[in-house]
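**Student:** What follows is each chain in one-letter form.
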Amino acid sequence: MSEEDYEEDGEMNGKKFLYVNRRGPYGTVYALESLEVVLIGAAFEQDVSLAFMDDGVYQLKKGQNTDGMGMKNFSPTYRALEMYDVEKLFVSKESMDERGLTTEDLIVDVEVIDNAAMADLMEDAEVVLSF
Amino acid sequence: MLLHTVNKSPFERNSFAQCMGHAKKGSSVLLIEDGVFAALKGAANESVVSNAIGDIGVYVLGPDLNARGMTDEDVIDGVKIVDYTGFVELAAEHDVVQSWL
Amino acid sequence: MPIEVNGKSIETDEEGYLADLNQWEPEVATVMAAIDDAELTETHWEVINFLREYYEEYQIAPAVRVLTKAIGKKLGKDKGNSKYLYELFPYGPAKQACKYAGLPKPTGCV
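Protein chains in written order, with my numbering: chain B, 1 to 131; chain W, 1 to 101; chain Z, 1 to 110.
To be clear, the hints were calculated from the coordinates, so they are not data collected in a lab.
Any given hint could be a false lead.
Once the Cα atoms are required to be at most 25 Å apart in a straight line, the calculated SDA-like pairs of lysine to any residue come out as [said to hold, decoys possible]: (1) W:80 to B:79; (2) Z:69 to B:79; (3) W:41 to W:87; (4) Z:74 to B:107; (5) B:62 to W:12; (6) Z:83 to B:105; (7) B:62 to W:63.
From the structure, some residues in chain B lie toward chain Z, with a derived Cβ separation under 10 Å [said to hold, decoys possible]: (8) 36; (9) 39; (10) 117.
Cβ atoms here follow ideal geometry from the backbone N, Cα and C, with glycine treated the same way.
Here chain B stands alone, though its shape is the one from the complex (with noise of 0.2 Å):
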């Protein structure tokens, strides 16, 4: 996307979209390839919202340290995500409750909902992106 495509004020009166996180960071390529989708596709103006369930919710684990593991830490990027307009985060109560944890372990303000808001919000999307 060129830099000249900019427009301020542009209005959102894009499609629905539904990004949806299953895996761990680190392990695999899907969650810091789906952060980086996320991020290209802001710049569209759309209507983004993200889900995170089974090991997608410790995407958000706070206090991830790569030193020792020499991978970059892509967590403190989540936080950045308010300022590309995507504001809607939703993590899966049951997955969380799984792992034992917590939105007091996470690192961005999340909304908690269950496997049929979950299913609700899939059905309401006009596009899923699946990682």
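Since the structure of chain B is provided, determine the placement of chains W and Z on it from the hints.
**Tutor:** Relative to chain B, chains W and Z alone:
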């Protein structure tokens, strides 16, 4: 003796469950990459690990644990944390390594 | 292609971005600007330093839209607009300023 390694999340694959089902008394299990999720307190499969400790040596790779936002305080009591050198030593101490990929 | 900074050779990629972010020092920005026939003023440094802080905090080079908004918040409305930033960095505020700041190319810029 045998060293088992698991690099997949117990929530996603049955590698960990299979490993624990095949790990005999006196053998060791090393959790690496997404396998470290099996070592965490408060998670669904905690009892599988805590019941095995004593019969089986359960180890977790520290750098992989820290990368995922966990520290020694988050792991189940009795699970030992090793660094890369410890990983190599474990591999050297055991006759055979079985990787549950 | 490597650039010469304070007698050291520092590696850059084919577009001139630093290969290793940790090798950055202020002189790197000055040398890169000289290659583009530009001279860095106080106002350029404001943006470069802002970008370095932004990267430190979020581990990402911001898209131009985000940069513009964030600069406006930090340095005032008169600076938080594309016209001001394009005058400072005619090759594109995100791309050119990120390069001088030693950051990777902003995600999403071709």
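**Student:** For which of the previously enumerated hints does the structure constitute a violation, in increasing order of number?
**Tutor:** Of the numbered hints given earlier, those the structure breaks are 1, 6 and 10, listed in rising order.
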